[in-house]
Every structure is written in C-alpha cells, then in structure tokens.
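Here is what each chain is made of, one letter per residue.
Number of protein chains: 2
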Amino acid sequence: MRPKFAQYLPILDWGRRYDRGALTNDLIAAVIVTIMLIPQSLAYALLAGLPPEAGIYASIVPILLYAVFGTSRALAVGPVAVVSLLTASAVGQVAEQGTAGYAVAALTLAGLSGAFLVLLGVFRLGFLANFLSHPVIAGFITASGILIATSQLKHILGIDAGGHTLVEMAGALLAHLGEINPITLVLGVATTAFLFWVRRGLKPLLRRLGAGPLLADVVTKAGPVVAVVATTLVVWALGLAERGVAIVGAVPQALPPFTLPGLSPELVRQLALPAILISVIGFVESISVAQTLAAKKRQRIDPDQELIGLGAANLGAAFTGGYPVTGGFARSVVNFDAGAETPAAGAFTALGLALAAVALTPLVHYLPNATLAATIVVAVLSLVDLSILRRTWAYSRADFAAVAATILLTLTLGVEIGVASGVVLSIVLHLVKTSKPHVAEVGLVPGTHHFRNIDRHDVRTDPTVLSLRIDESLYFVNARFLEDLIQDRVTDGCRVRHVVLMCSAVNEIDFSALESLEAVNERLRDMGIGLHLSEVKGPVMDRLKTTHLLDHMNGRVFLSHYDAWCALARAGADTKAAE
Amino acid sequence: MRPKFAQYLPILDWGRRYDRGALTNDLIAAVIVTIMLIPQSLAYALLAGLPPEAGIYASIVPILLYAVFGTSRALAVGPVAVVSLLTASAVGQVAEQGTAGYAVAALTLAGLSGAFLVLLGVFRLGFLANFLSHPVIAGFITASGILIATSQLKHILGIDAGGHTLVEMAGALLAHLGEINPITLVLGVATTAFLFWVRRGLKPLLRRLGAGPLLADVVTKAGPVVAVVATTLVVWALGLAERGVAIVGAVPQALPPFTLPGLSPELVRQLALPAILISVIGFVESISVAQTLAAKKRQRIDPDQELIGLGAANLGAAFTGGYPVTGGFARSVVNFDAGAETPAAGAFTALGLALAAVALTPLVHYLPNATLAATIVVAVLSLVDLSILRRTWAYSRADFAAVAATILLTLTLGVEIGVASGVVLSIVLHLVKTSKPHVAEVGLVPGTHHFRNIDRHDVRTDPTVLSLRIDESLYFVNARFLEDLIQDRVTDGCRVRHVVLMCSAVNEIDFSALESLEAVNERLRDMGIGLHLSEVKGPVMDRLKTTHLLDHMNGRVFLSHYDAWCALARAGADTKAAE
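Protein sequence lines, in the order shown, are assigned to chains A and B.
Under this note's numbering, the residue at position 515 of the first sequence is numbered 515, and the numbers go up by one with no gaps.
Under this note's numbering, the residue at position 294 of the second sequence is numbered 294, and the numbers go up by one with no gaps.
Some hints here could point you the wrong way.
For chains that are exact copies, the list does not tell them apart, and a pair is met inside one copy or across any two.
[Unchecked claim] Result set (SDA-like, lysine to any residue): computed pairs, CA atoms no more than 20 Å apart in a straight line:
#, residue 1, residue 2
1, Lys203, Leu255
2, Lys537, Met553
3, Lys436, Pro539
4, Lys433, Leu125
5, Lys297, Leu485
6, Lys433, Leu485
Simulated from the structure, these hints should not be mistaken for lab results.
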C-alpha cells in the first residue's frame, strides 16, 4: 500500500527512483516533442479562435502540473484539435472572437473544466465517462475532424467566414467565395500538399535512400517546422503580408502571464455545460491513449488520479493565459516512441516551449495563417474514420444508430447537441434492448443434466412443466415483459401446472422485478399453478431472502434446474431411466 | 390466430358470445358502478379545476369507446384522481381556471394524450412505459395523494387558495386562514369524518348486525351518495349558500356536447409534454389493474391493444366536453367484484351516467363543494403508502433513492419535475450499478467440473491462470471497467500467463465492449499473456463470429470453463488425478 499522501502525488513515486539513464531518455524525447509542438500550439490556438501565444502558454504550466499529479509516464498534455474546436464553439456563444472577453471566457472554460475534473477524481467518479460509448466517441471524433478541416478552409482560401456547423460554414464560404486571395490560396494549397506528402511519402522515400528508421522518423516529424520556416521566409522576403496574406503578426515575447478566469455567475452558468462536455471528452481521449501506452510497459494508470492530473493541468491553463487542454494522442505516441521514461520528459518539453515563448516568438511574425490551417487540416484528417459506420453496421444495428446519429447531428446541429444525442440514444437503445430479453423455453438434453432451448435442440419436455431460461437481469425496464410473457404462456386451456424460471443469467432482480415476480406468483396461484426458481445466483438470493417473496411463493427455489425437473416433471420415473 | 381486423376490435370477440347470463351480471355491476361514479365524477372535475359536468361527460363516451377497443373485461375508464391532478397542473400553466380557454385546453390535453396513446399502440411501443420503475410509480402516486388531499383543504375550509406544490399550497392556505367559513368547515369536517367511518367502521358494524356480505358492501359503496344527498339537503333547507357555503351551482341538463379541442401550434407545443406524461402514467395505472383482474379469470390483456383502447377513450373525451381519462383502480375493482363479465357493463354504466346527466343534474345545484372535497380526500388518502420507503430501503438503496427523490421532488417542485427526476434517476442508478459489475475470480471445486468464487469456496487455483467470471452483460457503461480490472490484475511481477473470462452470465457484448476486449487482447499480447473466453452464449458467439476478435485473439474460446482449465493449467496432471 502506498501512503495516502503519495497517492495524490505520483511524482513522489517515480521521482525517488530517477537516474541519469532516465534523464537522458527524457531529454531526447523532450527535444523531439518540443519541435513538434511549436507549430501545433500556434495552430490549435488559431482553431480555438485565440491569439497564437495562448497555444504556447497552454503547453507550459499544464504539462508541469500533469508531471506532478498524473500517473501516465508518457502522456503529453496540451492543446488538442477536438478540445480546441469545442472551445471555439462554447466561447463563441458568449463572446466575440478577438475581444478581451473571448480570451477571459476561454480561461473560465479551462478553470471550470479543471475544477470539474478534480472533483470527479477526488470523489472517484471517473466511471461516469463510460456513459460515452465507443461508437459515440468514434462518431464524434470523426465528425469533429470534418468540422475542423472545413473550418480551416477559410484560412487556406484567404477569406473571412464563420459558422459552427457544416451547413453554416459551407454557406459562409460560398458567400465569400469572390474574396479569395490568390496568393494565400497558392501558399495554403502548396503547404497542405507538402504536409500530406511528408506524412505519406517522405518516410518510405528516406528509408529507400538509406536513412535509418530513427532519422527518417525525426525528419518526418519536423515536416511542419520546415513548412513554417519556409512559408514565413517567403512571406517576409516577398512582402506578401502587404498583398493581403493574413499573418500571425506580433506575438508577445514573454513567459506565460498570470491570468484570472472570469467568474461572473452569468458566465459560469453559460459555460458550465460546455466545460463538463470538454472535460469528459478530453478525459476519455486522454485515458485511452495513456492506458494503451502504459500496457506496453506493464505499467498502471489510475483513472481517478488521471482526472486529478488533467484537472490540475486545466486549472494551470486557466491561471497562465491558456485554454482547455488534455492528453493528446499524436504527441503522446511521439513522446513514447522517442523514449520518454517519466513525466520529467513533459517538464523538459515545458522548458523548451518556455524558451520558444521568450526567444522564438518574433520569428513567427510573418508566419501565414494559411500554413497553420494546413497543419491542422492534415493533422485532423487522420481523425476522420468513416469505417466505424461499416463496422458497427456489421456488428450491431443499435451501435450503428448511435454512431450515425452522433455524426449527423454533430455536423448539422453542432458539437454539443451531437454528442448529447449520441449519449442519450445509446442509453435508450441499451434499455430498449434489455426491455425484451431473450427468454428460451428449455428442455432436458437426454442422458445429461443439461437444459437447452427447445427450439434449437432435441430435448425432453413435460406439458405440465414450463421451464423458462431468462437471459437478462430482471429490472424495471423488463419487469412487465416477464409478467406479460408468463401470462401469455399459461392462459386458458393449457396444461401447465408448474412454471420454473431458470435464473443462471439473472445478475440482478431489482424492486420492480421483485414486485412483478410477486404479481406473477399471485396470478399463477389464482390459476392453481406453481411458480419455482432455479439456479439463483448467490448475491441475488441473498437479497431475495430479505423479502417475503420466498415465504409466499407458491413453489420452491431449486439449486439446479435438474433438481426442479426431477421434483416436478410427471415423467420423473422415465427421466431416471434415461440417465 | 385471430384475423387482423378483429385484432383491433376486441368487441368482435366477446360480442359474438354475449348471452343473457352475461347481460344480467353486467347490468347489476353497471348499477353499482354508476352509483359510485356520480359523486366521484363531480369531485374529480373539481380537482381538475373544471366545471362539474366535465367529470360526468368524461365518464360517458370514453367508457363506450373503451368497450369497443379495450381488451380488459372489467376495467372501468373515466376521470381518476392522479390524472385530474396532472390535468390541473398542466392546464393551469396555460390558462386561468374558470375561463373558456381552460376547458378548451383540457380538451386539447385529452386529444393529444389520446393521439399519443393510439400511436404507441399502433407501433407497439407500450414497453416504453416500463421506463417508469415500480418504485418511481409508487412514490409518484403517494406524493400525488398527499398533494391532492392538501389541494382540497381549501374547499373544506371554505377559502380561496391556489398553488401546485406542497409549499405553495401551505403558504396560500396560511395566508387566507383568516377567511375560513365556519359553516363550510363544519360541513366539510363532518362529511370527511362520516366518509372515513363508512370506509373503516361501517362494514364490520353491518356484518356484526347480521347483514350479508353483499349488502354490507353495497351500503358501504353508497356512503358518498348518502353524504352528497344529506349535505345537499342541509344546504338547501337551511339556505347555507347565502351564508357563504360554496356550492356546485347550475349544471347544464344535457347529454355530452360535441366539442373541438384547441389545436393552435402554441397550445399544442405547451401541452405536448404533459400529455405524454399523463398518457404514460394513466397507461401504467390502467394496465396493472387490468392485468391483475384478468389473471383472476385466466384472461389475457394485450398491452398494445390497451393503448389503443385508452387512446380511443381519450379522443372521445376530447370531442365530448371531457378531459383526460384512464382506467381507475377503485372503480374497476368494484366493477369486477360486482360481477361484470364483459365491457358491456361499462356501456351500461355510460347509459346510467347519461341518464344522470339529463335527469339528476338539477338536484346537485345545492351540493356543497366541501362534500366533494371530502370525497376526494378520503379516496386519495388510500393512495398514500409511505411504507414503500421502508420496503425499498430494506431491499435496495438504489430503488430507495428513486422513490425518495420522486416523492420529495413531486411534493416540492411539482408533478412533472418529480416524475421526470424519478425516471432519470432510476435509469442512471441502473447504469451506475451495471458499470461496476460483480466479477469473481473462480477456482475448481475439487472432484467436480464446477468453478466457484475463490473467496467463498475452498477451490483449486493455478498461479499462471487467472479465471474471472463476469456477472454482467458487457456494454459501453462497463467496457472500460473490464480493461482497468484486467490491467490491475496482471501488472508487473505477477506470474499470470493466461486470463480466462467465463461468460456464462454475459448476455450481450456490444461494440464498445468488443473494442475493449480487442484492446485487452492487444495489451495482454504485449505482456506475453493469453486471453481466452469460456462458456460464451449462443447469441453472443454468433455475433462475435462476425468480427476479427476471434481471429486475432491471443488465445482460444472454450466450450466449458473446465475445458479451459484442463488445457491451460500447469497442474493439469494433478487435476485429472483429483477427479
């Protein structure tokens, strides 16, 4: 057992064992990740509608705090595409882009999200994130990727256009199509094409040219940096900014400032729901990558402590000029592959970015927005995976419906409605599925003690004994189904004298189902029919014993269904002979 | 198989076999129910905030239509207490009591409710009513009983006071306490006391005096009629109406009029949700009494056809000056006990009430409202059953929480919020419960092929084989739980070489759980550990076969857990010897 204090500070665990070997590995990983993060941070800030430095700031203190409180050895925390989109959508509803109120609202969003995550973690409520099913998450990420890519087209075309849904964006783009800036368009399309080629074609080419795998990897990762440097130089040398190419412009040359999130009740009320959504989505994205990487080294992730780590990171972002952050998939994998051994790698990355913030920011003055947009488009298109539609369709129509609804509604009505509908739909479909459970009438497989479905197997039955195997927990959603089912099977004229419910797959009987069983028992008694149970599980039986059902039951509880058969079936003698 | 047409018209079924014996029994039942319904109809109209004749009208055409479309032989349809309360609450939000708009809105509510019920029935969606768990219904009915009784105090005190929640009502009563009409108070209290005595003390007294059980029963049922006649005579003879006693006043002497519900989009929008709530609550109340009575005679209720029957009744109410109706518990039991054999008894009751509407209405002119209020108070207090709190507490904390929340929120925030919160809470608690399923590590019971929980039984295990029995379907809510659980059990240093999941109680594996299994499989492979499944159910296996999981699985699927043990356990030789 770890002591209670250290439980909330995982740094005490790995910090004690830190050595020179780990230091070297962490430093190498930090350099590679820093190079990758500089353009990415600027780009995601652009996506969130914030000034470019917000992206850098959101990558410094949050990483440091996660290194103290987080449990993953490889997770890299910072601005990510989907959370940036959610930020733009939420903050865009309460303030105008470019105003001071917008930046303050983004801080508030990070603060609320951080507080919510910490609360979830302290009360160990991380399992609530599971209400987002995998298909809903996959659908949401895919739709978000499409939305994000579309939202960046305006920067590549060099026009002004807004909108938060696909329809709004397409409409705005079409309306301003006449204002395309041809130079921006050329720059944007060339950069996009270059980045796609780096991602798809460069690595195999380098390998064919004889480069080692590590070198090929580092060069490929540096692709966005090359694009940034090249387009900045072109814009600066040719004076393209004066010819209408939108550029990043002046970025303050400073360490992250101390900032205060706005906490007016009205702002908090408006941002509370989006903050919860961002927290949950961010946590789900982060925890799955953290677990995948931890498993590769037989390490352990504590989901509730992860909530605290991510919460601390977001609170840090709120007070240092950032915006909501989470563990990013791409950067974490890069960090892991580059050999990061402990969260100290993250701390070194933070140092690298702090250095960039004070030393490199003047250099990005002439960086065209189109380059950043191209970086985003290329990055997010890897999130788009429409195959989830085909795969869920093949496996389960309910899961397909949840994915399809999430994608459709996210694209047409926005991110909040899309993901909320997905969650509600997947819950309702699950309840509907369990509301009509599979119930098999079973009979004895000759020569055994086993009972099987009479429709699938050649089994022995007795017209006076109705044996039903219920393949579902009994709870309110299907309680009445059981009443109807039994009433259907024992109406006028049938010869049934005993109904035996085989409960081997009944994991729970809730109060509604208990009352239904009592009602069934009374109705069967009025008909002169016995009600029996068999193979009731321990925990279920423990609970039934606290009630009057067993006392009033017009029948018995049998340990095995075979016991019930022997006691009740008329053909008892035959059965014995058949053994 | 019944023909398709007759399926929607159960009257064709029983109508063909109707004979003189059934006619006699139905007529007797109709007389008794009519005597009971006249004061009740007036009283419930008062509760719903409508003129008294609305209660009579709501009891005529709806009963006739239910007789044609309904499947219960004994259900008596008409105004009931809880639905009247819901009507007052819903209509009170869109119109002022006593205005023409109020009556029209009540018609609209009945029309929407009828249409919704018919739709549910035609699309066979009656199971959706099951989302209301028994504890939520019990809590709601109890809280409604308290609300209704409280709402009638103003009539017994003779003051003007409003309010839809307990707090509002208590405040309004206290504020007007100075305006109590002493004569009304005496009348009201005396009538309430008399009715309580009739209900509790009269029947045993009559039996002791030598009356037969049937006579004692009929006299007891006539109690409210006696109270109505006596107090009407007192008010008329002593001229109490001039001394401030509120009376029913002029009631039109006519058959139900043809009316049109208001269908303005605004009104429909405002009443749509309350109409759905009224439909579901009414259906749930009605179906449970119908099924209980049907079972006593081995008859069958078709829940979806019941929806059509109740829907037709409500549509009838909407076009004949009524308001929302459903199958009442008390009157249906009276109808059944009095010997009703077919829905024709209902039709005869409708005739009796039609006769009352044209002949008896002038006689109730001097009937004091306090008498009707006393009738309601005595009737609804039998609905109040706080023992549900104790019973659910003893059985399951989750069910207790749902009841307690429903009662508390219905009383304090109103009926709609109360019942909605109960539904949401019971669904969430169910999901939370299944999110952390019972998982037992199992071992072999020596000398058998059975595997049991290692914590409860003396069993044989193998340190290299981890056998886990999962007592829950695997779906999105607990998918990640499984990942965490397995990761927890096979971290650094343990000797586990094989993980076997025993799936005998797994009734479903959804797409999220499938992906979790794939992730678990990959992580275990990274650790050099095998993942195996045993005792997978037929339908679950059918679905798994459509996926790649089985191809990629770093292990096998075993028919029985014993097969898995024999194949994987190092102590295979010992096991054989132990047999």
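Violations among the numbered hints, reported as their numbers in ascending order = 1
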